[in-house]
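Protein chains: 2
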Amino acid sequence: MRASQFFISTLKEAPGDADIVSQKLMLRAGMIRKVAAGVYTWMPMGLRTLRKVEAIVREEMDRAGAIEVTMPVVQPAVLWQETGRWDKMGDELLRFKDRHDRDFVIQPTSEEVVTDIARGELKSYRQLPKNFYQIQTKFRDERRPRFGVMRGREFTMKDAYSFDRSAEAAGQSYDNMFAAYRRIFDRMGLTYRAVAADTGAIGGDRSHEFQVIADTGEDAIVYCPASDYAANIELAEAVAPAHARPAPGAAMQKVSTPGVKTIADLVAFLDCPVEQTVKAVVVEGDGEDGLPVLLLVRGDHELNEVKAGKLAGVASPLAFATPDSIVAAFGANPGSLGPVGFKGKVYADRTVAVMADMVTGGNEDDVHLTGVNFGRDCPEPVVVDIRNVVVGDMSPDGQGELAIQRGIEVGHVFYLGTKYSQEMNATFLDDDGKPKFFEMGCYGIGVSRILGAAIEQNFDERGIIWTDALAPFTVVIVPMGMARSEAVREAAEGLYTTLKAQGVDVLLDDREERPGVLLADSELIGYPHRVVIGDRGLKEGKVEYRHRRDEASTDVAAADIAAFVLGKLGR
Amino acid sequence: MRASQFFISTLKEAPGDADIVSQKLMLRAGMIRKVAAGVYTWMPMGLRTLRKVEAIVREEMDRAGAIEVTMPVVQPAVLWQETGRWDKMGDELLRFKDRHDRDFVIQPTSEEVVTDIARGELKSYRQLPKNFYQIQTKFRDERRPRFGVMRGREFTMKDAYSFDRSAEAAGQSYDNMFAAYRRIFDRMGLTYRAVAADTGAIGGDRSHEFQVIADTGEDAIVYCPASDYAANIELAEAVAPAHARPAPGAAMQKVSTPGVKTIADLVAFLDCPVEQTVKAVVVEGDGEDGLPVLLLVRGDHELNEVKAGKLAGVASPLAFATPDSIVAAFGANPGSLGPVGFKGKVYADRTVAVMADMVTGGNEDDVHLTGVNFGRDCPEPVVVDIRNVVVGDMSPDGQGELAIQRGIEVGHVFYLGTKYSQEMNATFLDDDGKPKFFEMGCYGIGVSRILGAAIEQNFDERGIIWTDALAPFTVVIVPMGMARSEAVREAAEGLYTTLKAQGVDVLLDDREERPGVLLADSELIGYPHRVVIGDRGLKEGKVEYRHRRDEASTDVAAADIAAFVLGKLGR
Numbered sequence: 001m002r003a004s005q006f007f008i009s010t011l012k013e014a015p016g017d018a019d020i021v022s023q024k025l026m027l028r029a030g031m032i033r034k035v036a037a038g039v040y041t042w043m044p045m046g047l048r049t050l051r052k053v054e055a056i057v058r059e060e061m062d063r064a065g066a067i068e069v070t071m072p073v074v075q076p077a078v079l080w081q082e083t084g085r086w087d088k089m090g091d092e093l094l095r096f097k098d099r100h101d102r103d104f105v106i107q108p109t110s111e112e113v114v115t116d117i118a119r120g121e122l123k124s125y126r127q128l129p130k131n132f133y134q135i136q137t138k139f140r141d142e143r144r145p146r147f148g149v150m151r152g153r154e155f156t157m158k159d160a161y162s163f164d165r166s167a168e169a170a171g172q173s174y175d176n177m178f179a180a181y182r183r184i185f186d187r188m189g190l191t192y193r194a195v196a197a198d199t200g201a202i203g204g205d206r207s208h209e210f211q212v213i214a215d216t217g218e219d220a221i222v223y224c225p226a227s228d229y230a231a232n233i234e235l236a237e238a239v240a241p242a243h244a245r246p247a248p249g250a251a252m253q254k255v256s257t258p259g260v261k262t263i264a265d266l267v268a269f270l271d272c273p274v275e276q277t278v279k280a281v282v283v284e285g286d287g288e289d290g291l292p293v294l295l296l297v298r299g300d301h302e303l304n305e306v307k308a309g310k311l312a313g314v315a316s317p318l319a320f321a322t323p324d325s326i327v328a329a330f331g332a333n334p335g336s337l338g339p340v341g342f343k344g345k346v347y348a349d350r351t352v353a354v355m356a357d358m359v360t361g362g363n364e365d366d367v368h369l370t371g372v373n374f375g376r377d378c379p380e381p382v383v384v385d386i387r388n389v390v391v392g393d394m395s396p397d398g399q400g401e402l403a404i405q406r407g408i409e410v411g412h413v414f415y416l417g418t419k420y421s422q423e424m425n426a427t428f429l430d431d432d433g434k435p436k437f438f439e440m441g442c443y444g445i446g447v448s449r450i451l452g453a454a455i456e457q458n459f460d461e462r463g464i465i466w467t468d469a470l471a472p473f474t475v476v477i478v479p480m481g482m483a484r485s486e487a488v489r490e491a492a493e494g495l496y497t498t499l500k501a502q503g504v505d506v507l508l509d510d511r512e513e514r515p516g517v518l519l520a521d522s523e524l525i526g527y528p529h530r531v532v533i534g535d536r537g538l539k540e541g542k543v544e545y546r547h548r549r550d551e552a553s554t555d556v557a558a559a560d561i562a563a564f565v566l567g568k569l570g571r
Numbered sequence: 001m002r003a004s005q006f007f008i009s010t011l012k013e014a015p016g017d018a019d020i021v022s023q024k025l026m027l028r029a030g031m032i033r034k035v036a037a038g039v040y041t042w043m044p045m046g047l048r049t050l051r052k053v054e055a056i057v058r059e060e061m062d063r064a065g066a067i068e069v070t071m072p073v074v075q076p077a078v079l080w081q082e083t084g085r086w087d088k089m090g091d092e093l094l095r096f097k098d099r100h101d102r103d104f105v106i107q108p109t110s111e112e113v114v115t116d117i118a119r120g121e122l123k124s125y126r127q128l129p130k131n132f133y134q135i136q137t138k139f140r141d142e143r144r145p146r147f148g149v150m151r152g153r154e155f156t157m158k159d160a161y162s163f164d165r166s167a168e169a170a171g172q173s174y175d176n177m178f179a180a181y182r183r184i185f186d187r188m189g190l191t192y193r194a195v196a197a198d199t200g201a202i203g204g205d206r207s208h209e210f211q212v213i214a215d216t217g218e219d220a221i222v223y224c225p226a227s228d229y230a231a232n233i234e235l236a237e238a239v240a241p242a243h244a245r246p247a248p249g250a251a252m253q254k255v256s257t258p259g260v261k262t263i264a265d266l267v268a269f270l271d272c273p274v275e276q277t278v279k280a281v282v283v284e285g286d287g288e289d290g291l292p293v294l295l296l297v298r299g300d301h302e303l304n305e306v307k308a309g310k311l312a313g314v315a316s317p318l319a320f321a322t323p324d325s326i327v328a329a330f331g332a333n334p335g336s337l338g339p340v341g342f343k344g345k346v347y348a349d350r351t352v353a354v355m356a357d358m359v360t361g362g363n364e365d366d367v368h369l370t371g372v373n374f375g376r377d378c379p380e381p382v383v384v385d386i387r388n389v390v391v392g393d394m395s396p397d398g399q400g401e402l403a404i405q406r407g408i409e410v411g412h413v414f415y416l417g418t419k420y421s422q423e424m425n426a427t428f429l430d431d432d433g434k435p436k437f438f439e440m441g442c443y444g445i446g447v448s449r450i451l452g453a454a455i456e457q458n459f460d461e462r463g464i465i466w467t468d469a470l471a472p473f474t475v476v477i478v479p480m481g482m483a484r485s486e487a488v489r490e491a492a493e494g495l496y497t498t499l500k501a502q503g504v505d506v507l508l509d510d511r512e513e514r515p516g517v518l519l520a521d522s523e524l525i526g527y528p529h530r531v532v533i534g535d536r537g538l539k540e541g542k543v544e545y546r547h548r549r550d551e552a553s554t555d556v557a558a559a560d561i562a563a564f565v566l567g568k569l570g571r
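Protein chains in written order, with UniProt numbering: chain V, 1 to 571; chain C, 1 to 571.
Keep in mind that the hints were calculated from the coordinates and are not lab data. Watch out, some of these pointers could steer you wrong.
What the hints assert, rightly or not - Straight-line distance between alpha carbons at most 27 Å, and here's what the computed BS3-like set of lysine-lysine pairs gives:
#1 C:310 / V:12
#2 V:12 / C:500
#3 V:88 / C:97
#4 C:254 / V:88
#5 C:34 / V:130
#6 V:12 / C:97
#7 C:500 / V:97
#8 V:130 / C:434
#9 V:500 / V:130
#10 V:34 / C:97
#11 V:130 / C:12
#12 V:123 / C:24
#13 C:12 / V:123
#14 C:434 / V:419
#15 C:123 / V:34
#16 C:436 / V:34
#17 V:130 / C:500
#18 V:434 / C:12
#19 V:500 / C:123
#20 C:500 / C:434
#21 C:12 / V:436
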């Protein structure tokens, strides 16, 4: 492609409302333009990159035996009512009425439509397994769209759905997709982790997220450097400490703690180690007594709400107790709560369960207790894992200590079981002649999101650094003063023609711009391989090559440059 | 592709609500499945064909120098309010509110968004001309979706928008797109006509429709077999008869015509030639007197509402007068109306203008007049072209008589001038340093609609007949009893491998189905080239080739079949 026939539109500054580096760089590099909050036009440079992502995803899905379809963007509510998602999903499901006052949604995913297709088309076990996928426009009406294409409202997603005869076969489909996802992200050249993820209300133990590693990621990924253990923080198990609980060493004492509301206040006021304090979190219960439930984690630990939400006796979805119900149940306001004297259900995190002489709230405003011991001062609690792991925790597989990275979720594989097939009565005839519900899995890839994630992982102060696989153009030829110098023109056109003939995705930046603009644009846009051709160099028979990650350019003999570049591309 | 790894899902009967042959065949061939009225899932077989259309369109748009972008499906109302289309467009514009109660539309076209891009990105005449296009999901909330993908609500459209410095340059962009469209439809192998079309309220004389010829088409296309004149019926000029008006030959007479309401009634009652009768159509005027306007066409002609809508003094948009206003102005009800005694404005079609001794309504219920003559019995009318042409009319270019065909509109090129750029204040700096409005054109192709149109043009009682360019697979290999016969398997696999190696888009139908099913499916789906391989033939060293249009199969030596097929493909 010649730049003069393409459309390059770079900006010196990103618009003020851009809130993350990938969004700023995509705007500056002319990849996207904002149309509304979370809604973008894909400009030529961005679309080209998006298509590279799509092509890799499509090739690997096809290779894995999945079959492409395209389900509609606009879907009738009646299907969404069958599964109950019409009511259960929040405002992120965009609902609207057509001219005849019939209800529709704009698809955020397509479980309903694909299950409707399966129940119409897949009649016999002989037709199984099947995996249908689409690469299609999706819409989620995010309350606060942000981070550009990473949390936009309109986006492109690859969603696949497998239909199997049995849970075992569904497991094979899952493994097949898992392997395809590895190939996809490997091919893209991204650094990522596949991490075990929570399966939520659906249950089962088969769910993995594919996380692109980036410091700016929204998700915390837990892993063990000494093994292959990896999970997202919602799921990662905090194992019990290896030691037993020490015997009580102090008597329980009331301490007046005026104005002390937080653990930090408490530690400062009492000058005690934070590891001796216990944080009390009160959540709504689901019992008829209306009593809330008390959750205890060590003062320096964080409650894991996903884990807490699954506890017996706790309201679903998890809800923090209101101040009124806390005062009614504890006789005190938040800030001074604890287990001593509380009549309701108490869950203690595994770490709390081995503490002695704890510092807790006194269930009386501005009063705390020291020297609190389970079994002596209050009943033994139910011991559970309800906290987020922290760096240095023992890995659940016992192979070493846990580390934590930030990540951006770009893919998700999920074993659904018969949830949707049962809700929509989608069955096939098995070899015993009886109808059975499809065992399903769903597999998503955030196609447009990948671009943002790739940039968050690969950029510097000058701009984007694309991998070869994702770059809008793999190679850019930057002629210095092509309009003035016949030698430069000839060398640039010659290299362009040679590389094109070899099937290289090369851009000849023949725009009539100053050399400084061309060079800055090439770094902002982030083509991985750049050849600069100038009169001065040519006189010595040289041109300059530079990989976008290189500190400096390399002089290459002009006669060898095509072969040199092909070598860099691994040809 | 092997059928066992693809997804073929044919139906014996189309669902009952399918209302046109292409819709029935697309459903039966498993190309689409209905999700809601006018909303379909593209099944693998249909999607493959859709992608072929998209690829041809994309290649030719790129070749023509247009630049691909992707504008969002969901667009903010604020842009549509700038052009006034938010209010002006009817219910086919799907409007909705997001969770924050802000107004949005689902794009039916993208003039607003692309003009917004242009005013942001194209600052100087040096950047012009530019042509941005997208192949993207569109939605029109049709009152009565029908004809499958031909008049669906969700559909795929290629829409392009050119931005030019001057009207002259815009004309070159228009010609460039016109030529690209010719290449596109030529490559698809469709029989089509480019016809001049009405430019509606925008004005200008540059608008062409690309119409695929099919008896079932919704549009009437007028053309002159002796020249290259072609126009749609809305635009086609009905020229004045060559002869002058004869002198009056009869006196005007009142005739009592009880119960006579229509021209047919009148002709039967008076036993007169229909060519002597005049049809009176009353439409609302735009004058302060509130008087309606009388339009006269010959009894056997049809009023052309597009032409009538442009007449001075006629309300815009065209509206037929209400019975009350007709009685008030004429003193009679519809069925007995005419020019004699009417005080308002009268337009006569050119054919009516040369009539003498006309039969008209008498402006008195159940009364008609014979022997009516302009200039004697009523004032001379204003003479205009307000009727649809009919077969045998003289071509406006004087080269012969007009013929009429039915067509399906699949493309439209349109010179917009500065309508949108003015409404959205979209300017560039010209070489005189002054801001000027962009001269624009818009260019649509109904990508998904083309499939329906291609089928309406090419089918028989057994199914679809695809052209090589559009077929889901160009060649199908149908092995008879591949599971039973090693010879059949070997021959089929060998041919499949050979053709694939040559880059042929070939399907090996290796499904375990009865031969009758495989053969019927191949004709229903309509692959253009079929090779049937059976044991009996192989024993004589023969296989059968049949083009989908052939009456019978041709025996071909098994050893020569690959070369034979390649020959048929023009290789």
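Going through the hints against the structure:
1. Proposed proximity of residue 310 (chain C) and residue 12 (chain V) is contradicted: the alpha carbons are some 50 Å apart, above 27 Å.
2. Proximity of residue 12 (chain V) to residue 500 (chain C) is assessed by CA-CA distance (about 49 Å); at most 27 Å being required, the pair is judged violated.
3. Restraint check for residue 88 (chain V) and residue 97 (chain C): the C-alpha separation of about 20 Å stays at or below 27 Å, so the hint holds.
4. Among the hinted pairs, residue 254 (chain C) with residue 88 (chain V) is inconsistent with the structure: their alpha-carbon atoms are about 74 Å apart, more than 27 Å.
5. A C-alpha spacing of about 20 Å is found between residue 34 (chain C) and residue 130 (chain V), which places the hinted pair at or below 27 Å, so the restraint holds.
6. With a C-alpha separation of about 35 Å, the suggested pairing of residue 12 (chain V) with residue 97 (chain C) is violated against the 27 Å cut-off.
7. Pair hint residue 500 (chain C) plus residue 97 (chain V) does not hold up; C-alpha atoms about 48 Å apart against a cutoff of 27 Å.
8. For the hint linking residue 130 (chain V) to residue 434 (chain C), the alpha-carbon distance of about 62 Å lies beyond 27 Å, and the restraint is violated.
9. This hinted pair does not check out: residue 500 (chain V) and residue 130 (chain V) have alpha carbons roughly 39 Å apart, beyond 27 Å.
10. About 19 Å separates the Cα atoms of residue 34 (chain V) and residue 97 (chain C), which keeps this hinted pair within 27 Å; it holds.
11. For the given pair, residue 130 (chain V) sits about 23 Å from residue 12 (chain C) by alpha-carbon distance, which is consistent with the 27 Å threshold.
12. Taking the CA atoms of residue 123 (chain V) and residue 24 (chain C), the gap is about 22 Å. The hint holds against a cut of 27 Å.
13. Distance hint between residue 12 (chain C) and residue 123 (chain V) is fulfilled; the C-alpha atoms sit about 15 Å from each other, no more than 27 Å.
14. The suggested pairing of residue 434 (chain C) with residue 419 (chain V) is violated, with an alpha-carbon distance near 64 Å, which exceeds 27 Å.
15. The suggested pairing of residue 123 (chain C) with residue 34 (chain V) holds, with an alpha-carbon distance near 18 Å, which does not exceed 27 Å.
16. Simply put, residue 436 (chain C) and residue 34 (chain V) have alpha-carbon atoms about 25 Å apart, close enough for the 27 Å limit, and the pair holds.
17. Pair hint residue 130 (chain V) plus residue 500 (chain C) holds up; C-alpha atoms about 24 Å apart against a cutoff of 27 Å.
18. With a CA separation close to 25 Å, the supplied pair residue 434 (chain V) and residue 12 (chain C) stays within the 27 Å bound.
19. With a C-alpha separation of about 32 Å, the suggested pair residue 500 (chain V) and residue 123 (chain C) falls outside the 27 Å cut-off, and the hint is violated.
20. As the CA atoms of residue 500 (chain C) and residue 434 (chain C) are separated by approximately 58 Å, the hinted pair breaks the 27 Å bound.
21. A hinted pair counts as satisfied when its Cα atoms are at most 27 Å apart, and residue 12 (chain C) with residue 436 (chain V) qualifies at roughly 25 Å.
Violated hints, listed in ascending order, are 1, 2, 4, 6, 7, 8, 9, 14, 19, 20; each of the other numbered hints is respected by the structure.
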